[in-house]
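*Asks:* Below are the chains, spelled out letter by letter.
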Amino acid sequence: MAYTEEELKKELETKEYEYGFYTDIESETFPKGLSEEIVIAISKKKEEPEWMTEWRLEAFRVWQQMEEPEWANVTYKKPDFQDISYYSAPNKKPKYESLDEVDPELLATFEKLGISLEEQKKLAGVAVDIVMDSVSVATTFKKTLAEKGIIFCSISEAIQEHPELVKKYIGSVVPQKDNFYAALNSAVFSDGSFCYIPKGVRCPMELSTYFRINQAGTGQFERTLVIADEGSYVSYLEGCTAPSRDENQLHAAVVELIALDDAEIKYSTVQNWFPGDKEGKGGVFNFVTKRGLCEKNAKISWTQVETGSAVTWKYPSCVLKGDNSIGEFYSIAVTNNFQQADTGTKMVHLGKNTKSTIISKGISAGQSQNSYRGLVQVNSRAENARNFSQCDSLLMGNRCGAHTFPYIEAKNKTAQIEHEATTSKIGEDQIFYCNQRGIDTEKAIALIVNGFSKEVLNKLPMEFAVEAQKLLEISLEGSVG
Amino acid sequence: MLQINDLHASVEGKKILKGINLEVKAGEVHAIMGPNGSGKSTLASVIAGKEEFEVKKGSLALEGEDLEDLSPEERAHMGVFLSFQYPVEIPGVSVTNFMKTAINESRKAKGLEDMPANQMLKLIREKSELLEIDRKFLSRSLNEGFSGGEKKRNEIFQMAMLEPKLAILDETDSGLDIDALRIVANGVNKLRGKDNAIIVITHYQRLLEYIVPDFVHVLHDGKIVKSGSKNLALELEEKGYDWLKQETVV
Ligand SMILES: Nc1ncnc2c1ncn2[C@@H]1O[C@H](COP(=O)(O)OP(=O)(O)O)[C@@H](O)[C@H]1O
Ligand SMILES: [Mg+2]
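Chain order of the listed sequences is A and B. Counting from 2, one number per residue, gives the positions in the first sequence under my numbering. Counting from 295, one number per residue, gives the positions in the second sequence under my numbering.
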C-alpha cells in the first residue's frame with residue numbers, strides 16, 4: 002500500500018517512535034502473540050481514546066499475573082496464547098461466490114432450522130446483493146429506537162459516541178481482574194454490542210432480528226454492555242441457532258448487564274458454536290463471563306440454550322445489590338459426542354428481600370460430560386433472601402455423564418434456600434410408546450427432550466423458542482440407535 | 295385383517311409365546327383372556343413390534359403384508375394401535391401436543407401435509423367429548439400424575455383420535471369404575487365398523503358386557519388353549535381357568 006507523505010509521517014509518529022513498535026497497523030491481521038504493544042495497537046486501530054487504551058493495558062498487566070483456571074470439570078489442551086492473532090479486520094470479502102460452494106451438510110442444517118436463503122448466504126459467508134428489505138428493516142428499526150432515546154450500537158461505536166456511559170460502566174460488573182478469561186477479553190476485545198435504555202423507557206421490541214443479521218460473524222473476544230436505566234425494560238437476544246463455524250478455537254466473551262432501580266433486563270442466548278466432529282476433533286472452546294448487577298427492585302433474567310462448543314465454561318450470574326431485587330437463571334445445556342460443558346450460575350444476595358430462581362436442565366448424550374455448577378451466596382446483611390434451585394439432568398445412553406455441584410454460602414440466618422435435583426434417563430418404554438403412536442425414535446427423543454426442557458423454553462421469546470426447539474432436535478440427531 | 299400363524303416369541307432367551315394361531319377379520323371383535331403371566335401383553339407387544347421380543351418362528355401379517363421387518367412406527371402408520379396396560383409418562387409433553395405429533399407423523403408417512411390447526415382442534419373437541427374428558431386434562435403432561443382410570447381413558451381418547459384399523463386393548467378395564475367403563479366402552483364401540491377390528495385383552499367378563507366380542511380365546515402358557523363364542527367368557531368367570539389348565543395337561 003502506498004502512503005502519502007503525510008500518512009507515513011503520522012504513522013511513524015504515533016506508533017513506531019512512541020512505542021517502539023513495528024507492526025504495520027494497516028495490515029488486516031496482526032502477527033501472533035500478545036504483548037503490551039499488541040494491546041496498544043488494537044486500541045489504536047479502533048481509534049480509541051487514551052483512557053480506553055489505559056484500561057486495556059491495566060487488564061493486560063493483570064492477566065499476565067494470572068493462571069488459567071483448572072477447577073472446572075473439563076479437560077482440554079490449553080491454548081497457546083502466544084500462538085493467536087489478536088486482531089483481524091472484519092472480513093468484508095465473501096468466502097464463497099454462491100451457495101453451491103458451501104458445505105452441503107451445513108446447508109442441510111440451515112434448511113432444518115428454517116433459515117431463509119438470504120440469511121443462509123449471510124451466515125455461510127456467501128456474497129449477497131444488497132437486500133433492500135433487510136436494510137430498510139434495519140433502518141426503520143434504528144429510527145424507532147432512536148425516537149425513544151435507546152442507544153444500540155457496536156461497542157466500538159459507543160466508545161466513540163458515548164464515552165461517558167462506557168467509561169462509567171465498563172468493568173463495573175466484571176472488573177478486568179475478575180478472572181483469567183475476563184482479563185484477556187478486557188485487554189484485547191475486538192468488538193461487541195452496546196445498549197442503553199433511558200429512564201422509564203420500555204424497549205418496544207426484542208433486540209433480535211436486527212441483531213442476528215448484524216452479528217452473524219461474531220468475534221473471538223466480544224464485549225457486550227447493556228445498561229437499563231431506572232424503571233426501564235429491555236429484552237435482549239444474543240446468538241444464533243445456525244451452527245457457527247469458526248477458525249478461531251478460543252472464544253472468551255464478556256457480557257455486563259446493569260439494571261438500575263426498578264429496571265428489568267431479560268437476556269436470552271442461543272449458542273451453537275461448532276462442537277467438534279463425532280470423534281471430538283476441532284470445535285470451539287467457549288469461556289464466557291456474564292454477569293448482571295441489580296439495583297433496588299431491579300430484575301435480571303438470564304435464559305440460555307447451549308448446544309455448541311467442544312468445551313463450554315459459562316456462569317451467567319446476578320449480583321443482587323439492591324433491596325427487593327430479583328435474579329433468574331434458566332438454562333438448557335446439551336452435550337453430545339465428546340462435548341464438555343461446565344455451566345451454571347452465581348446468585349449473590351447482598352440486598353434485603355432479594356430473590357433468585359435457578360432452573361437448570363442438562364441433557365447429555367454420546368460420551369459427553371455435562372456439569373452444573375451453581376453458587377448461592379447470601380451476605381450477612383441480606384435479610385430474608387430467598388433462593389429456589391432446580392437442577393434436572395437427562396441422560397441418553399450409558400456413556401455420558403451428568404454432574405451437579407451446588408454450593409451454598411449463607412451468612413444470614415433468615416435466608417431460605419431450596420435445592421432440588423433429579424436425574425432421569427430416556428427409557429426404552431417411553432420410546433416404544435411413542436413409536437407405537439407412529440412417532441419414530443428420532444422424533445420421540447426430540448419430543449421427550451423438549452418436554453424435559455419446557456420450563457426453560459417457555460422463558461424464551463416465542464420465535465426464538467421455536468428455533469431453539471429445532472436446534473435441540475438437531476443437536477441430538479443420531480445420538481440413539 | 296390380522297393373520298397369526300404358529301407364532302413363537304422369546305424375551306431374554308425365555309420362551310413366552312409358544313405357537314399362537316389367530317385370525318382376526320375386519321369387522322370382528324376378539325377377546326383374549328387368560329391367567330396372569332400367560333403371555334397376553336407379550337402377544338400385544340409382538341403385534342405392535344416391540345424389539346425386545348424376538349420372533350423365533352411363525353408369521354404375522356396385517357392385511358396380507360408380513361409385519362416381521364416393519365418397525366413399530368411403520369405398523370402404527372398401517373393402523374395398528376395398542377392401548378397399553380401400563381401407559382408411560384412423558385413429562386412436559388401435553389396430551390394435545392403428543393396427539394398432534396402422532397397424527398402429523400402418521401400423515402407425513404403417508405405423504406400428507408400436517409393437519410390444519412382448526413381441523414385438529416375440531417377433532418380434539420369431538421373426541422374429548424365422546425370420552426367425557428375435561429379440556430384442562432388435555433394440557434397436562436402425558437400420563438404424569440394421572441390416576442389409573444385417567445390413564446386408561448386417555449389411551450382410548452388417543453385411539454379415537456387415531457382411528458386405527460386394528461386396536462388392541464390391553465386390560466383397559468382395570469382401574470376403571472363402572473361409569474368410566476361405560477364411557478370407555480362407548481368410545482370403543484364407536485370405532486367398531488366393518489373395516490376395523492378390535493382385540494380386547496381382559497380378565498373380566500364385565501367389560502365384555504359392553505364391548506360384545508364375536509370370539510373369545512383363552513391364552514395359557516403361551517398358547518391359545520380354547521376358543522369359543524362370548525359364552526366362553528361367562529363360563530370362565532364362573533369356573534376360573536383351572537379346568538382349562540387340566541384340559542391342556544390331558
Ligand atoms: N421384558 C421381559 N423380560 C423378561 N420376562 C418378561 C418380559 N416381559 C414379560 N416377561 C415374562 O413373560 C411372561 C408373560 O408376560 P405377559 O405377556 O406380561 O403376561 P400377561 O399379560 O398375560 O399377564 C411372564 O412370565 C413375564 O414375566
Ligand atoms: Mg398383561
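Honestly, I wouldn't trust all of these hints.
Unchecked claim - Partial list, computed: chain B residues near chain A (C-beta under 8 Å):
| no. | residue |
| --- | --- |
| 1 | 329 |
| 2 | 331 |
| 3 | 358 |
| 4 | 362 |
| 5 | 365 |
| 6 | 382 |
| 7 | 384 |
| 8 | 452 |
Claimed, not checked - Calculated lysine to aspartate or glutamate pairs in the EDC-like style (CA-CA distance at most 20 Å, straight line):
| no. | chain 1 | residue 1 | chain 2 | residue 2 |
| --- | --- | --- | --- | --- |
| 9 | A | 444 | A | 429 |
| 10 | A | 282 | A | 51 |
| 11 | A | 169 | A | 329 |
| 12 | B | 344 | A | 429 |
| 13 | A | 347 | A | 429 |
| 14 | B | 402 | A | 429 |
| 15 | A | 426 | B | 438 |
| 16 | A | 426 | B | 426 |
| 17 | A | 455 | B | 438 |
| 18 | A | 426 | B | 420 |
Since the hints were made in silico from the structure, they are not lab data. Glycine residues also receive a C-beta, built at the ideal position from the N, C-alpha and C atoms.
*Asks:* Of the hints stated earlier, which fail here?
*Replies:* 1, 2, 3, 4, 10, 11, 13, 14, 16 and 18
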